[in-house]
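Relying on the hints, combine the two individually framed chains into one complex.
Protein sequences appear in the order of chains A and B. Counting in this note's numbering, the first sequence runs from 1 upward without gaps. Counting in this note's numbering, the second sequence runs from 1 upward without gaps.
Treat the hints as calculated values from the structure; they're not laboratory data. Hints are not guaranteed to be accurate.
What the hints assert, rightly or not - DSS-like cross-link-like pairs, simulated, lysine-lysine; straight-line CA separation at most 25 Å:
1) A/LYS65 to A/LYS14
2) A/LYS155 to A/LYS183
3) B/LYS102 to A/LYS540
4) B/LYS10 to B/LYS102
5) B/LYS10 to A/LYS14
6) A/LYS138 to A/LYS65
As the list claims (entries may be wrong) - Listed below are several chain A residues computed to face chain B (Cβ distance under 7 Å; list not exhaustive):
7) GLY111
8) PHE490
9) ALA536
Every residue gets a Cβ at the ideal spot worked out from N, C-alpha and C, and that includes glycine.
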Amino acid sequence: MTIASDFSIHTTTKVISYIGAAHGVSGAGYYTVLELHRWLQALAADAGATGDDYMDISRVTPSDKQFDTIITLVNGYTIDAAASEHLYSGSIIQAGGDTIFDGMQVIAGAGAHIQVIQIGAVLSNDFWNSVPYGTGVKGLNPDAANGIACRFMLKVRDSAADIDGRRLLLQTREFGYSYTEFKLNGTSRGINVAALTYASDLNNQTASGTVAGWSDVANLTAGYNGLDVNADSTLEYYYSKWDRGSRSINQFYERMKYLTRRGETTTLYGLAGHLFRGITHEVAVTTPRTSTIAEGVAASWSGGTGQVLARDSAGTATKVWIQLLTGIAPTAGQTITVGGGSVTAASGTPSTERALSFPFCGVSTGSAIIGAYGFALETADLSVNDKLFDLTNTLRNPPNLVTFTVSGLVVSEDYLLVGPGNSGALVENQFTLNGALTGASVTSVVVTGSIPADTPATGTIRIKRANGAFSRHPYSAWTGSTFTITSHDFSSNNAANGNNAFISYIDTLAGATTASFQATYVTDRELFVRRRDGGATPTKTFETAATLGVAGGSVAVQRLSDA
Amino acid sequence: MSIAINWATKVINVPRADLLFVSTGLYELDVDAFRLALKDLEDSVDGVAFPDTHRHNTAVILSGVTYSRTFEIINGYTVLFEDLGPYTVRCVGANHNIADVKVVNQVSMLIGNSSGLITVATGSGPSASSIADAVWSHINRSTTPAERLEIANAVLNGVTF
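Excised from the complex, chain B in its bound form (with noise of 0.2 Å):
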């Protein structure tokens, strides 16, 4: 058995026989292979008729350091690893979206993304009371009036957390 697809839902199934065994409960899944894998079957008689199933950009060097290839699961594809007893998937390669488009079962995963410089949004992002706003609009949902008395109390006693 190898990676494959089943086009109807569109799930992208890995056998665990497909990862690398590292050490007992950790197998390791070569990202950059992974991406070979479903090219290969994108370009099959079967996969042809089907939208791609990711996004790929190569590594590229700058100032003599390479950064990373991506790699982005796109079209409603999903990822299910082979669900054999928990275990967890340490992702090497490549930054990826792997883990948002996972489908939730035993098998945890070692995501493995490494940012440099990133680009937020600014200008009309949030500003800081509405930040403030929303932390205590959280707090005041998920915590009862008593517990958040025992919160301030804490803080008052110097506790911090």
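Only chain A is shown next, with the shape it has when bound in the complex (with noise of 0.2 Å):
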């Protein structure tokens, strides 16, 4: 085929069409915008027109070339929306620049399938990701040797008007390879380059079939809210709150990949999986407001739109957190309208930036996860080695929670305790209470110096009672030398001041073969473990030394008969 035979010129409309094959059939026809003007001009200086070419010397001129990569259709002169999907590298300029076609090349791995996204929407038609005849892989006009995936011309100007500011976002979001964006803060006469990149992600190797099932992460809060993710007493303040439930922290990634891949409907936050991107832009806001600032909602303002991910306050927001759709952030003093209220974008800096990550979560290391700007998991699915990233965007360090995992029990037969231990044995005095307990409802124990920060956060403690035993005592919470304790009744055989205390790190009657406990790791703590069973079928004591370190520790008990 030739560019005679794919294009012809309307008589009396002037319009330029594609009327070779389509895209992926033999013989679909593809050009440069410099071929077209080359061919419009030969045919301009034609004796007289031939075939369905309407085009000879007698006519005006169609066509004018500033650049080899800009062509300005004259004289009435224009093309399809067909023709333009088979021209490249370059601009078409046309019905007096009320029409641009400007053209994009996009630097990325061969085969990479693009999204383009242009007015907050995916451009359904993806002509640019067609297979060219006979090649097998994705992208028009590619050019492998130099590491160009594909080129094509878009419309971003139409009737007289920029598209949206001629705002462009490119992305790539194949489920398995990475994922990127590139943004065209408006695009440019002739060819405008997008680098993407479009390689296999070591970190997101399983199915996509398989991850589709993996229904049990869930973001537990969507919007604002504090977690003391640093274990520091103090709250930071995130947009999200997920749960990875029983995933790994990279099949945790992986399912985030999965929510926003190409072509992923389900929304995160009223938007669609694969339009979203996180947080672009932390807006300062002040009065005037109107109503409430709801979260997971659209907001506009003049000059632009885009989704409410958090604010600091439904009623007296001064902060709010956005993904920008189209157009531009918020400016100073701009009314923004969320929902039915709206709140005024405070003077000075409104709008803060905030770089994203691809995918939305941040990056995953395969065993630990980089947070992306104020993304966050619970605290309990966090390690030691996760980062991430508050709305302030100051990097919090999750303490590293350890496990120590006691294996081998019989259920409803063992009885296991783990306490503090020295040199093999139980320490008993771990603690002295600091006052007598001797209440009929007793629910704070207050114990002599500090209690120690590898101390669970809910467990239970033994303290030694008037008869001489250590009773067991569950605490849902601590703080400095304070346990806050289920209520106990100390009226009676009640625990004198200086009494000793331990915490039995398990105490417990196995409920299941192995019983384990978390604490943040300090320093290396010794631990003592019994475990017990004088039932129908007793065993002999077994007993341990044991250390919980900063990889935590394990224990299979033994079980010898005592028959």
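Set out below in structure tokens:
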């Protein structure tokens, strides 16, 4: 095929149409804008029109060339949409500048599927992802030798108005591959280059059908919420609180990719997954305000639209975090309408652009996650190597939560006690009571000195009573020197001031073949493990020393018959 | 009331009602049942915080003969039989050391231990002369000179003890 056979020029409308084979079909033709211009100029120099070509020397000049990559169709000549799909490497300006097609050149791995987002929506006619006949690889007009995945033109101006300010967002979101995006804040005439990455993601190798079933991963709080990620007793704020369920942190990462992969329409914060990008702007807001500001809803202002992902208060918000969808972020003093309410962007620097991560959750190292701005999981799902950035963009490191596990237990037979140890013996005087316990409903136990930082958040303690026994007391919290215990009657058989007490890290009749506790690692702690079974099939007492180390610890109990 | 342990004093209380009545003034303690009762206390919520009460070796069969189990109270625990006046406890079912850790009161014991071949220290044990010296020293401490003279005369007169 030749350009002459692939294009026709209408006699009266002067519309240049593509009449060749369709994309992916044998013979489909693609030409540079310069080739089009050369062809038109050649026709214009002909002595007379032939075939379906209206053009000859008697007609007005059809095109003008400023540069090889910028062709202006003049004197009423235009190309139609189909023709624009078969031209590349430059811009076509027509209708006196009222319509512009700009050239796109995507730098990416061969075969990349490119999504183009215009006016906040993915362009459904993604002809540039067609597979040229005989190649088997996606991408029109590729140049593999130069790393070019595809070249094409897109209409960026129509009816004398730029389409969303000629803004385009190009992205790759192929499951199993790296996610990237390239933002064009207003295309230019000629060739606009978008650099993307299309490489296999080694941390995303699970089949999508498998990941599709990981529905136990859920966002517990889709909006502004406080978490104490670094366990310093002070809340930091994030716009999400994900629960990774039974999944590993890398599986969680894969699930996040799945929820935002190409074609995913399940919504996140009110946006289809394949459009969700995370927070792009933090906007300081002030009065006047009306009504309340919701989260996960659309927002608009003069010159732009977005989606509210979080705000620090429904009624008196001072900060709103948005994903910009169209236009530009709010400027000082602009009224931002959110649902039925509105707030006003503060003066000064009301909008702070925030860096995005791809995928929106951040980066997986395989065993840890480096979170995107404002992204968080619940603290129980984090480990020491994870890194999160709160909404102030401050790095927060989770503490080293380690797990100590005792295995080999027999359900409903073994009673297990794990307490503080020293030289292989149970330390009964880990604490001494700072004040006698004599009340009828005691809920607070104060000990001398500080409770160690590696004490589990909840658990049990043992307190020595007047009868010499160490009674067991569940606690729901601790701080400083005080345990908050389940209400207990100490009015008889009380516990005197100075009596011993200790943390029983595990103190239970086995409910499963393993038992464990989780604590923040500070320094190695010696533990004492005792397992007893005096039931119908008695066993000898098992006792051993163990260590809660930087990677936690474990003990497999032995069971020797004592019948 | 049943067998209980005072964790503060480490005293194991054995009610007489828990013993098997044999005849007037004579009761029987099944040492193995006693052991199992202690094990049940050890794996309770209260008991698990405290050291073992005893050490146990089960019965073994050797050349067709069943050698009895052994049971030893350890870690400073003592055994207190309920003091309801004089009565005797006959222990059965195991060789044991209960008599060594029994709280002294009006209750007496028939220990019931039986040994076969035992192992004694050799080489560094007492010599015959040191035993004789020890006996003589004990006699000197526990008798008056007149009593010692009376004993000597009796020996000379052919009286045997």
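* Asked: Which of the listed hints are not met by the structure?
  -> 5, 6, 7, 8 and 9
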